[in-house]
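S.K.: Here is how the chains run, residue by residue.
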Amino acid sequence: MTLLSRRANPKRRRQPMEPTGGYWAYLIPGAIGFAAVVLIPFGMNVYLSLTRFRGVGTPQFIGLDNYTRLIGDPTFWASFGNSLIFIIAMAIAPTAFGVLVAALLFDFIAPRFGTRMSSVMRAMFYLPQILPIAVAGVLWKWMYQPEYGVLNSIFDAVGLGALKQNWLGDSDVAIWSVVNVLIWLQIGYTVVVFMAGLSRVDPALYEAAELDGAGWITRFRVITLNQLRPEIAVVIITTSVAALKVFAPIFVLTKGGPGTSTIVPAYFSFYNFFTTTQVGYGAAVATVLALLVTVIAVGLLLFQTRNSEGFEK
Amino acid sequence: MTSTSVELGTPTAVPAHQPRSPKPARRRSRARRGVSGWVVLIVMLVIAILMLFPFWLALSNAFKPSAEYIQTGPLSVPSTLDFTALIQFWQGVNFNQKLLNSVIISGSVALIAAAISLLSAYAIGVGRIKGRVWILAIFMLAFTIPQEALVYPLFILTRDAGLYDTQLGVIIILSVLQSAFGTYMLSSVLGSFPVEVLEAARIDGASRMQILLRIVLPLTRPTLAVLVTFFFIWTWNDFFLPLVLLPSAANQTVSVSLGALSGQYTSDPTALAAASLAGILPAFIFFILFQRTLMRGVNLGAVK
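Residue numbers (my numbering), protein chains in the order written: chain U, 8 to 320; chain G, 20 to 323.
Derived from the structure by calculation, the hints contain no laboratory data.
Treat the hints with caution; some may be incorrect.
[To be verified] Here are the simulated distance ranges between beta carbons:
1) U:Arg123 <-> G:Gly126: 15 to 23 Å
2) G:Pro266 <-> U:Leu91: 26 to 34 Å
3) U:Gly50 <-> G:Ile123: 24 to 32 Å
4) G:Ser211 <-> U:Phe162: 50 to 58 Å
5) G:Leu119 <-> U:Asn187: 29 to 37 Å
6) U:Ala211 <-> G:Leu187: 52 to 60 Å
7) G:Ala269 <-> U:Met124: 19 to 27 Å
8) U:Met124 <-> G:Ile123: 35 to 43 Å
9) U:Val229 <-> G:Val65: 22 to 30 Å
10) U:Arg228 <-> G:Asp223: 51 to 59 Å
11) U:Arg228 <-> G:Met228: 50 to 58 Å
12) G:Ser98 <-> U:Arg228: 18 to 26 Å
[Unchecked claim] Chain G is nowhere near these chain U residues, computed Cβ spacing over 12 Å in every case:
13) Arg76
14) Ala85
15) Asp114
Backbone N, C-alpha and C define an ideal beta-carbon position, used for all residues, glycine too.
The following block holds chain G by itself, in its conformation from the complex (with noise of 0.2 Å):
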């Protein structure tokens, strides 16, 4: 290769390329920027603050006073903090009694949901149990059958059971259905797990559940780490079943009071603001809360 150009298939080529550097990590490390460099960069920035543009929007029209609103419309910059909006909507719903709603439901959720997963994965992935394929196979259908297969019966069977609209029935169904994939996940984690040290247990004269208790447990802790935090978000998102079973205001969730809404509010923009930020501000405590765990976990999933 000639000293020229290593990005001839780039439209605005670099002429001249820094000298190769002997080191392996050359790609990661700083090189010269580059024309091109920066049109990609001007660029993505574009679009990645085209994509939280409505973020922006939500935030600033939730504080505009609404005659303000309608004057000037949603892209001027608020002269005034105005509260009312945001007051008016959370007293309206009831908000903090969703947001309790929601912690508790998720919250029970992602725990329930990761000691089933434990269990059972402790069968198939240390126990090795006959047909354990099969048995994911089967699980994983919890995970993959569209919830509208399961819930006209499912709305039956919590009536006949005194759990409709309770936050109980919510929350043992949607524990068994996050479970599936929490079997998946950790059943291919345990199936590399050490096999030395599980023997040393048992020659010590372990217990089954001693082994779980002590040593698997312990060791697998920031699997199911992720594992809790993503089965707190998902029941957090969850849409479908709780807007089913939970008809009663006083049991619905953060997303269900709010997908409620369409409909009313929609003679008043900046209630309809108000309302997105109050669901995007608990979204965005855990995102920032637990970003590294999320984008360790979005691949743990992939690619798995």
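So here's chain U without its partners, still in its complex pose (with noise of 0.2 Å):
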């Protein structure tokens, strides 16, 4: 409502009285801060791209050599490839999850078992969020260890030992089990995130369906996906975007390894940069990785701006 009425009046918020040229002021801490701290080091990131730096000494001028060499380099199209993975670990998958939870804990939960029940449960699918990264990286790196980690010893346990593995150290599975962490970690944020969202949905919708005869299923897949549909997609690019960046848990749990199984590009530069100082390449990686993040980051704020209220130009 709002919004159609602000957009209709688009001179309402106009101060007449004074030019804003005097509000320019305000805006020199964020911008000299923001030159120094972004501006000025990615354009530095981006020259280190074109060199060959080995972090003494004056950096070499070679043009594209360490692009044409990253499209020959398999390591860097494995840290690519798994980050397709982890964008399914940190968005799709508990994106999906998310939906489901919150809707069983708004539809089942809260009406027959109290809202204190269900905002219970909410704080409990919420608190991996809490925690540093690294934590959660020592915690997990515990309970994958072979010998006396926790998952191992559960299974012997049980009599299942057949399905003991070593979770961090077996390049097949390595990855799973760090997928396993980011989605325990992710779940939180999408639970709360929707069910905020559903609260905001108009309760005669759900009604009027129920007087149709459509069972939960069918409300679920035809109301609430389609009410969500702004969340959904804004929870979508936020974490897609926040996968791709992704580093702590690699560097904490796997280092990228075994091999490459679990490299991605952001650990790839970090470990071009610092482990075998190649600067200049770990620069075209961290240049590459960011014009990516861009691309789409730039989507979720055209989308963004389209939907804020009180913003239009």
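These two chains come separately, so use the hints to put the complex back together.
M.R.: In structure tokens form, the structure reads like this:
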């Protein structure tokens, strides 16, 4: 409503009394900070990506050599392939699971067992979200430890010793072990966002559907999923961006290994910067990642600007 | 519709539903719990408890004597409360120091970032300066750009400026990066600030700075509180830049010191549990303190 009326009358908020020029001064701290911390460093990074630089001495300009080397580097492609898996782990799976959990909490638990019960359960789902990722990493590293770790001990205890794995040491299993941790971390965020979204939906919609004899699954499919569309879109885009940037869980859990089985672009560039000190090459990886993330983030920004009120051009 | 089954879709359909009550808020009122309700409750509780299971394991094993762990495994409840592992970890990494570092860095970043955000958002939201949409879009790059694409130049720049391995350097950098999100949030809040109030103040001769400090600041305090809370927790949890820019142990944060643990202590399982617990505790305290703000903020950030 408000959005429409504002659109219809865009001049309403103009302040004709005063020129807006003097407000530029308030932008100075933010602008200087942005230039010093983002703009100039990113420019330097792009420049470094065109050089050969071992961390000491002067960077030597080599044009696009680093980028042509990237294209032929299987580790680079492996890192982006793993990124796709992490998008599933951090964006798709938690969103799917989160919508379902939120709807069940909202439709079954809250009306029949009280809102207190549903908020307690929401908090239980949210709790992993508050952990520093490094802490989650230490915790899970211990759970996954092959000899005395929790998971293998449990399998031993219940007589399923055959299911024991070297969770982080086996290159076929490691990435799924990391995926499991990320899903565990992310679910809380999606549940909280979708529950808030559901409280915005007009209950009359559900009542009308109930009157028409629609069962829960139909109502979920037709009403819940449709009404939550803005939230789902935003959550998927933001978490996908986060998935492309994922670093800390890899650093703490696997360091990209075994081999390159869990390597991600962020860790790959870090590794080139500070372990092998191929700074120019690392900068090229980081530049590619930055461009990719920016393209997705711009999509997000356009989407959100279109949907936020009080902010029309 | 006949009286049978409004819930045909569910596998465990309840035969007869409560008669429809005239109240519009019916959907949230306690209807009959029904078999399906209990099934859903139990399934959800099992999943929720599984989510918390790792926390319980950290708690119970942190206090378990390591000999007992080797004998009875991670699932047993400790027979005695043994603080050895926790104390060893705490002293081994000088955890008090890390906590203090994290509080100083996170607190400073939260306040400075909120201040920068407020100033920029004042120009954009209230001042409605030209090209504000583009300015915001560019600022948002600070929030979305992967820090890997900034880290090596930041490493060079801080080294040349004498800010490498200082808390001040990390505070400045993280404040700027986080203020991008704050500017975005606050701009849309200030964009819908009641114009009448601003006009009235202007007619009374208030300067822009006075309007900002006496009118806008007090009225946006709730949003600022959410921002400060989030900045604090984000900084507390932040890993990558503090890892690179604060190499010496005396400057490290809680997150980095725990992340650096990986590899160490792997022969001593209860030490890892104790380390996890030490990392969980402050986060848990924030959660209890700020639960409401967090839930509000998550949604503010997601849908605004």
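S.K.: Taking the hints in turn, state whether each one holds.
M.R.: Status of the hints after comparison with the structure:
1. U:Arg123 <-> G:Gly126: 15 to 23 Å: For G:Gly126 against U:Arg123, whose Cβ atoms are near 33 Å apart, the range 15 to 23 Å is violated.
2. G:Pro266 <-> U:Leu91: 26 to 34 Å: At 33 Å between Cβs, range holds.
3. U:Gly50 <-> G:Ile123: 24 to 32 Å: Because 31 Å falls inside the window, the suggested range holds.
4. G:Ser211 <-> U:Phe162: 50 to 58 Å: holds, 56 Å
5. G:Leu119 <-> U:Asn187: 29 to 37 Å: Holds, since G:Leu119 and U:Asn187 (Cβ atoms, about 34 Å apart) stay within the stated range.
6. U:Ala211 <-> G:Leu187: 52 to 60 Å: holds, 56 Å
7. G:Ala269 <-> U:Met124: 19 to 27 Å: Roughly 47 Å apart at Cβ, these two residues miss the hinted range, so it is violated.
8. U:Met124 <-> G:Ile123: 35 to 43 Å: Because 40 Å falls inside the window, the suggested range holds.
9. U:Val229 <-> G:Val65: 22 to 30 Å: With a Cβ separation near 28 Å, U:Val229 and G:Val65 satisfy 22 to 30 Å, so the hint holds.
10. U:Arg228 <-> G:Asp223: 51 to 59 Å: holds, 57 Å
11. U:Arg228 <-> G:Met228: 50 to 58 Å: Holds, since U:Arg228 and G:Met228 (Cβ atoms, about 54 Å apart) stay within the stated range.
12. G:Ser98 <-> U:Arg228: 18 to 26 Å: violated, 51 Å
13. Arg76: holds, 18 Å
14. Ala85: U:Ala85 clear of chain G: closest Cβ-Cβ about 17 Å, beyond 12 Å.
15. Asp114: U:Asp114 not clear of chain G: closest Cβ-Cβ about 8 Å, inside 12 Å.
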